[in-house]
Amino acid sequence: MWDLCTNSLDTAGLRGASYGDARLMHLRQRDLTTKNGRVGTLSQSESIGLGIRVLADGAWGFASTDRLTREGVAACAAQAVSLAKASALAKRSNVVLVPEQVYVDSWQSPFRKDPFEIPLETQLALLLAADAEMRRVKGVTLTETDMQFRKIDSWFASSAGSRIHQHKVISGCGIAATSFQDEEIQKRSYPNSFGGQHSLQGYELVEALDLMRNAPGIAEEAAALHSASQCPEKVGTLLLGGSQLGLQIHESIGHPIELDRVLGQEANFAGTSFLTLDQLNQLKYASSIVNVVADARLDHGQGLGTFAYDDEGVPAQCTDIIKDGKFRGYLSNRETAHLVGLDRSSGTMRTESWNRLPIIRMTNVSLLPGTWDYDDLIADTHDGILMETNRSWSIDDRRYQFQFSTEIGWEIKGGKKVRMLKNPSYSGITTEFWNSCDAICKFDHWTLWGTPNCGKGQPMQTMGTGHGASPARFRDVHIGTAFSSQ
Amino acid sequence: MKPAAKSKKASTGASAGAAELLHDRELRRIVGTVLRLAKSTGAQETEVHVDEVADALTRFANNAIHQNVAEHGLTVSIRTVVDGRTARATTNRIDEDSIRAAIEASLSLARSQPKDPRLLRMPGRQSYHAVKRFIKQTAALNAEERARAVRRACDLAVKKGQVAAGIYSNGQSQSALGNSRGLFAAYRETHSEFSITAQEDSAASWAKANSADVRAFDPQKLAARASEKAHLAVNARELPPGRYTVVLEPAAVLDLVGFLFYDFAATALEDKRSCLNERMGKQLFGQSISISDDVYHPLQQGAPFDGEGMPRQRVLLVDRGVPKNLVYSRAAAKAAHKQPTGHGFALPNEYGEAPMNLVFGGGDSSIEKMVASTERGLLVTRLWYIREVDPYEKVMTGMTRDGLFLVDNGRVRGAVRNFRFNQSIIEMLKNVELLGPPVRATGEEAFEMVVPAMKVRDFCFSEVTKF
Numbered sequence: 000m001w002d003l004c005t006n007s008l009d010t011a012g013l014r015g016a017s018y019g020d021a022r023l024m025h026l027r028q029r030d031l032t033t034k035n036g037r038v039g040t041l042s043q044s045e046s047i048g049l050g051i052r053v054l055a056d057g058a059w060g061f062a063s064t065d066r067l068t069r070e071g072v073a074a075c076a077a078q079a080v081s082l083a084k085a086s087a088l089a090k091r092s093n094v095v096l097v098p099e100q101v102y103v104d105s106w107q108s109p110f111r112k113d114p115f116e117i118p119l120e121t122q123l124a125l126l127l128a129a130d131a132e133m134r135r136v137k138g139v140t141l142t143e144t145d146m147q148f149r150k151i152d153s154w155f156a157s158s159a160g161s162r163i164h165q166h167k168v169i170s171g172c173g174i175a176a177t178s179f180q181d182e183e184i185q186k187r188s189y190p191n192s193f194g195g196q197h198s199l200q201g202y203e204l205v206e207a208l209d210l211m212r213n214a215p216g217i218a219e220e221a222a223a224l225h226s227a228s229q230c231p232e233k234v235g236t237l238l239l240g241g242s243q244l245g246l247q248i249h250e251s252i253g254h255p256i257e258l259d260r261v262l263g264q265e266a267n268f269a270g271t272s273f274l275t276l277d278q279l280n281q282l283k284y285a286s287s288i289v290n291v292v293a294d295a296r297l298d299h300g301q302g303l304g305t306f307a308y309d310d311e312g313v314p315a316q317c318t319d320i321i322k323d324g325k326f327r328g329y330l331s332n333r334e335t336a337h338l339v340g341l342d343r344s345s346g347t348m349r350t351e352s353w354n355r356l357p358i359i360r361m362t363n364v365s366l367l368p369g370t371w372d373y374d375d376l377i378a379d380t381h382d383g384i385l386m387e388t389n390r391s392w393s394i395d396d397r398r399y400q401f402q403f404s405t406e407i408g409w410e411i412k413g414g415k416k417v418r419m420l421k422n423p424s425y426s427g428i429t430t431e432f433w434n435s436c437d438a439i440c441k442f443d444h445w446t447l448w449g450t451p452n453c454g455k456g457q458p459m460q461t462m463g464t465g466h467g468a469s470p471a472r473f474r475d476v477h478i479g480t481a482f483s484s485q
Numbered sequence: 000m001k002p003a004a005k006s007k008k009a010s011t012g013a014s015a016g017a018a019e020l021l022h023d024r025e026l027r028r029i030v031g032t033v034l035r036l037a038k039s040t041g042a043q044e045t046e047v048h049v050d051e052v053a054d055a056l057t058r059f060a061n062n063a064i065h066q067n068v069a070e071h072g073l074t075v076s077i078r079t080v081v082d083g084r085t086a087r088a089t090t091n092r093i094d095e096d097s098i099r100a101a102i103e104a105s106l107s108l109a110r111s112q113p114k115d116p117r118l119l120r121m122p123g124r125q126s127y128h129a130v131k132r133f134i135k136q137t138a139a140l141n142a143e144e145r146a147r148a149v150r151r152a153c154d155l156a157v158k159k160g161q162v163a164a165g166i167y168s169n170g171q172s173q174s175a176l177g178n179s180r181g182l183f184a185a186y187r188e189t190h191s192e193f194s195i196t197a198q199e200d201s202a203a204s205w206a207k208a209n210s211a212d213v214r215a216f217d218p219q220k221l222a223a224r225a226s227e228k229a230h231l232a233v234n235a236r237e238l239p240p241g242r243y244t245v246v247l248e249p250a251a252v253l254d255l256v257g258f259l260f261y262d263f264a265a266t267a268l269e270d271k272r273s274c275l276n277e278r279m280g281k282q283l284f285g286q287s288i289s290i291s292d293d294v295y296h297p298l299q300q301g302a303p304f305d306g307e308g309m310p311r312q313r314v315l316l317v318d319r320g321v322p323k324n325l326v327y328s329r330a331a332a333k334a335a336h337k338q339p340t341g342h343g344f345a346l347p348n349e350y351g352e353a354p355m356n357l358v359f360g361g362g363d364s365s366i367e368k369m370v371a372s373t374e375r376g377l378l379v380t381r382l383w384y385i386r387e388v389d390p391y392e393k394v395m396t397g398m399t400r401d402g403l404f405l406v407d408n409g410r411v412r413g414a415v416r417n418f419r420f421n422q423s424i425i426e427m428l429k430n431v432e433l434l435g436p437p438v439r440a441t442g443e444e445a446f447e448m449v450v451p452a453m454k455v456r457d458f459c460f461s462e463v464t465k466f
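From first to last, the protein sequence lines are chains A and B. Going by numbering that gives the first Met the number 0, the first residue of the first sequence is number 0, and it counts up by one from there. Going by numbering that gives the first Met the number 0, the first residue of the second sequence is number 0, and it counts up by one from there.
Keep in mind that the hints were calculated from the coordinates and are not lab data. There may be inaccurate statements among the hints.
What the hints assert, rightly or not - Taking lysine-lysine pairs in the DSSO-like style, the calculated list, with each CA pair at most 27 Å apart, reads: (1) B:Lys220 with A:Lys34; (2) A:Lys421 with A:Lys233; (3) B:Lys158 with A:Lys90.
Said to hold, decoys possible - Taking beta-carbon pairs under 8 Å as the criterion, some of the chain B residues facing chain A (in silico): (4) Asn62; (5) Ala69; (6) His71; (7) Gly72; (8) Ala146; (9) Phe216; (10) Lys271; (11) Phe466.
Even for Gly, the Cβ is constructed at its ideal location relative to N, Cα and C.
Can you build the whole structure from these sequences, using the hints too?
What follows is the structure, given as structure tokens:
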């Protein structure tokens, strides 16, 4: 593998590249789903190839190929240099990268059980059994389960001399029950929507979820939602479950801190950001109990944003994003770090595959735990609504105004959950919302949630990101917006 | 492992142009190799998809190119059947050892599951209508030509005191599908796209086009249009949320109605997750709404066969506001005692099928006519981040983006801050007052369609953002 990487970099150098980095990647994936007691998808795939990014004439070019021969990767490198030279026809200044050390390293993500070694029969039997448990509940009209496993090997080589091999194992699993009744569709998912929980773990993730114990409960809730009261429209107190708060972090903190968005590089597609450079160290992003980090290190947990090095060869780091409520940091790469005067990239360049250019992505952007016990938080809430498990999510292209809805809500009165609510939703302006946070649960209730479906870039890339969160409370939030005018 | 036998023509060398695709006979050879190797493995039936893509994309922002990428890839995807069970394995390695390993993986997956009583025997030979969507001028567009066009667009932005961002892309792709019952289908096409966002102060506007034929649009005209609208979009004023008459440009219509069409899958109705459950044959939309799925329409793209190799048929989905027909994969058709329509996804899958080549009927109202006929309303350039709030009433939420303008007394009177909407698509298609001629539209939330601009009354905006 190293020979092919080196060969491509050598060719790029000979063709006039001043810098190059190559990623040879081998991706393997297995997908299993069931629907209404039958196997749905049952497939596996592998993909191997090389992508090379070069600087020539002060501009970028990137090409990729699945022809893994000396000739194939050399042609690919030559094409990348040609593309860079074409880029230079419409450049305004030369690309400059902040310095980074050279690393020669090999890293493997920790896992206890290789999901590809677990018999397929075992995996399918569990999904079909959970599916059957949900179908036992009267009123459930559709049951779905899924497992997804990935192994990713990447060999990163740079013209500066770095040689980094990483091997990652990723697992995902979830179940869902849907009920159609009286012209209404209600759904409950466990442990989260988006196919459940996803993390940098082996099959132990699936075993820890205990699908069989949780299947009847979510199926019953899906059916019961039809007779629940509609979530009212009001301005009031909102409690968010951990997984929903994870997505709230993703959309209203994770994306706006991406420096490529801030600098206008995503203006045509993903959008820009309200976090202009003058806001750094000035903006009171959130209330003083809110602390958010972008942490790709294993110490933070086995999230979808955990790695040893990013796809630009920069080691995993922990960056303060919000410290005691104040805005403290962006997600950067070597190019944008130079553009804003930083000494070093924060190590967030990530690529979906060998045929995609690495771009700035979230790592694990997490809300650090607070001090509250969950039961105390409920008991302390006189009048509020608890919302759990995302159903829809939307935010404007500068990340100010958002609206979320969740699968289920609970009315809290006098410190107790008193009744189920259907069609819950809330909306707000990012900084107003985060400044209204007055309670965050402690580490006992904190989970590093995986968001497997973050789309960004042109051509589009889908990336997994991690978001640690525990349930939290927000005051004076606009609740029930989505259904207020229907 | 035997040496890889990838494209003999793909030696792009120092060229910044896109790689060439394999010759048709090479595709047939790969399909034949898979079927031959599978025969000796115990697979009772075998299906193989070969997909190849060679794409290039030039991306610009801040009036300069900042990304410039090219890719070439080929995948072989193999589905085997054994004792009423089926599964799929995919690889991008096409040496015989790798293909053999993929066949074994597919068989191993298939054998691990219970029998599927709904699994049908693979279809035999089919005949297809020819479609010509491979344009050599599109395939030939190279990086220097893209860069020069981008440079001209950026120079215009600089001249106007604006900042431009966008993409200019082109590429070619081909697919071949064969099975052990003698079916063989192949298709190739080219694609090209130009998209530009022009930013002036805190305002922005946007224009985009997409075609198999790169000559079908002019990047400079699109740049000029985005630039003019961005200038009009400055100094946006805030209006209160509420129900407004809207003139939706085709891209705005496309991105919103795109969320409706998975509900026209017969499997979605069987699963009771479609908004059409208990609504087929009823007057659901306005009389002016007729919608077909028609892969053969001259403004459409895509292969004339589905994931099992069945010929795609033209299907009238909505006739004068009444949902009339669904699309059916072979399995869904058998369950519903209907004929397959050629809209099935590759097996195995849990979603069944979907219409992917939507063509709306239209009217003769230009956007200017729609504006002129509006006493007070909003002109909407595009919509953004659209997600489903209520799956049965088809309530969608999202934002306006890149140019929202007040219409007052039949004239555009300046820009308005962007709104969030919470709007039922069903209600919207009941409230259509005027339709434009259908055009090939492209956005960011839905696949390309042939749709008209629409004037719609009582469109529900629920909140306003800060720009």
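Outcome of the hint check:
About 49 Å separates the Cα atoms of Lys220 of chain B and Lys34 of chain A, which puts this hinted pair outside 27 Å; it is violated. Straight-line distance between C-alpha atoms of Lys421 of chain A and Lys233 of chain A comes to about 15 Å, which keeps the hinted pair within the 27 Å bound. Of the pairs offered as hints, the one joining Lys158 of chain B and Lys90 of chain A holds, with about 16 Å between alpha carbons and a cut-off of 27 Å not exceeded. For Asn62 of chain B, the interface hint holds, since its Cβ comes within 8 Å of a Cβ in chain A; the closest pair sits about 6 Å apart.
Satisfaction of the interface hint for Ala69 of chain B is found here, the shortest Cβ-Cβ separation to chain A being roughly 5 Å, below the 8 Å cut-off. Given the 8 Å rule on beta carbons, the hint for His71 of chain B holds: about 6 Å separates it from the nearest Cβ of chain A. For Gly72 of chain B, the interface hint holds, since its Cβ comes within 8 Å of a Cβ in chain A; the closest pair sits about 5 Å apart. Because the closest C-beta pair between Ala146 of chain B and chain A is about 4 Å apart, less than 8 Å, the hint holds.
A hinted interface residue such as Phe216 of chain B counts as satisfied when its beta carbon comes closer than 8 Å to some beta carbon of chain A; here the least separation is about 16 Å, so the hint is violated. Taking 8 Å as the C-beta cut-off, the interface hint given for Lys271 of chain B holds, the closest approach to chain A being about 4 Å. At about 6 Å, the closest approach between the beta carbon of Phe466 of chain B and any beta carbon in chain A falls short of 8 Å, and the interface hint on this residue holds.
In this structure, the hints that do not hold are numbers 1, 9, in rising order.
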